[in-house]
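With chain A held as given, fit chain B onto it using these hints.
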Amino acid sequence: MTIFNICVEGESDVGAVASAIQYAGGSVGGIFGRGGKSKVLARLEAYNQAAERMPWAVVVDLDHDFDDAGKASDAWLGSSGAAPLMAFGIAVREVESWLIADREALSDYLGVSIDRITEQPDSLDDPKQYLVNLARHSRLRTIRESLVPRKGSGASVGPLYASEIRRFGEGRLDVARACQRSASLREFVASVEAVVLRGA
Amino acid sequence: MSTEQEAIDWRELRFTQIELANWRNFSAATTPLQRRMFFVGPNAAGKSNFLDAFRFLADIVNVGGGFESAVKRRGGVSMLRAFSARRYPGISIRVRLGTDDEESVWEYELTFSQDNQRRPVIMKERVLHYGDVVLDRPDGEDASDPERLRQTHLEQVNVNRDFRDVAEFCASTRYMHIVPQLVREPDRSVGKANDPFGGDFIEQIARTTKRTRDARLRRIVAALRVAVPQLEELELTTDVRGVPHLRGKYKHWRKNGAWQEEAHYSDGTLRLMGLLWAVAEGRGPLLLEEPELSLHPEVVRYIPQMFSQVQRRSGRQILASTHSVELLADPGIALDEVVVLTPSNEGTSVALARDVEDICLQHAAGIPLPEILTALTGPRGVDQLGLFGARS
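Respectively, the protein sequence lines represent chains A and B.
First residue of the first sequence? That's 0 in numbering that gives the first Met the number 0, and the numbers climb one at a time after it.
First residue of the second sequence? That's 0 in numbering that gives the first Met the number 0, and the numbers climb one at a time after it.
The hints are simulated quantities; they were obtained by calculation from the structure and are not laboratory data.
Computed from a predicted model, the values in this text were never measured in an experiment.
Cβ coordinates follow ideal geometry from the N, Cα and C atoms, glycine included.
There's no promise every hint is true.
Claimed, not checked - Covered stretches of chain A (in silico footprint by chain B; criterion: 3 or more residues with CB under 8 Å from a CB of chain B, positions within the stretch not fixed): (1) 3-15; (2) 143-154.
As the list claims (entries may be wrong) - Per the computed footprint, the stretches of chain B lying under chain A, defined by three or more beta-carbons under 8 Å from a beta-carbon of chain A, are: (3) 297-309; (4) 329-343.
Here chain A stands alone, though its shape is the one from the complex (with noise of 0.2 Å):
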């Protein structure tokens, strides 16, 4: 089993980044980052560097940096690319899209139609907020107040949002079927893949 250190921007994006390392064939050691983009970018090099002798995993948000994930990478990675245990993946333009891509799990975890969850996730302009305002119309309490904010909070998020959405990404959701719909989301999956042959 190919283990993988792993780095994300943040807490709720455990889930889904492990479950689809797992579909891939490897398995998760250390969990790093989960203080914002910046520091995860800040050392990125030295988690390149690393990924020469061991296996790492890291994912970074797209957001609205660049036009699309081959500039992102070739901006953020540099001109040696990544290493040949290091598989990188760039969410277009959150992880949020590759939960959102499950749109079966999700409608029935969130407590929502299925009808009311877009086919194309890497085309939301913010998928964070996309999700929130989903389960700001669950049928569920519990859904609504784990993950929407209270109005003038100040917040983006509800306060249960990270360990749930964590937890949905670990139990519930299909990555297979998620795949389907998330090209960012096959291109991670491919990466780690690669990663786990060249390992083994």
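The following block gives chain B in isolation, referenced to the frame of chain A:
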């Protein structure tokens, strides 16, 4: 007053606002309070003193307490009065109790000073219920017998009938700040009941009914296992002298594992046990000082989520001071759940992060909250500390 208004039970209330005047570090401080609050600020800004205002109200109404004793325990009026206090001699605490829907069900205000024998004396005590005055002292009887102003009506069962809910609510406030050394060597705090520093922590567990205790200990073991994976079981035992002990069974290379008593637990294990016990018991407001102490950052990261889970079940209000970057990194912490304390020559000022323009601007730009708060509350010139010990 409608029937609907009367129906609110004190157990559903929380502090919705506090206003302090001349209280310790604070010459004037007002802040709204949500169900979960984090108080941040540099060392010695007054975070504990702020929480102490809530404890003071609890001490007034607690068994064996009372206004005079609460002041005395804190070293008298002159120790409580803000150094920066000038014109106004009175120390004042004013709280609002309410719910999410009704911000002000009750309002309680206590202003006090001292007489020329340095004894605490009440200058004003007022209770409002939905804005209607229920109590307003000093009244005529106080004028005819000034000795009455040495006791609050809040603490007296025979006169607080009309606002008993306020007294019950204040009495339900709990403060917890486990000092592992005191749990291990309880002799240091002999005779104390409900010692917030954990001197009688094991006895507190022992005093709980067996059924509740066992259920709670099981839940605690399940939660603790995340941080202390070797722990399998917790049980209360009594030694030959009748002193209760908390035994934990640890996984071991031997088949049956090994039992250890509290004297052998690590600081982190004891503090986490104390924290979990505190959040699991009762429904009244819980005051916590730096719950992150002695805990691994990976454990600390989940404290805010744990608070929210507890609140989802019991609705309990939790007010905690913190210095922890990991704790504040939780994206679900709202800007109106963070109170920033800033010391100055005129006393410490208090502001809700939501009301500080700079914080909101940076937060909206995507800068993580802990980074903003660390930069804001970190002491200036702290690099000098690195030179301590160098030849001058």
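Please list, smallest to largest, the hint numbers that this structure does not respect.
none
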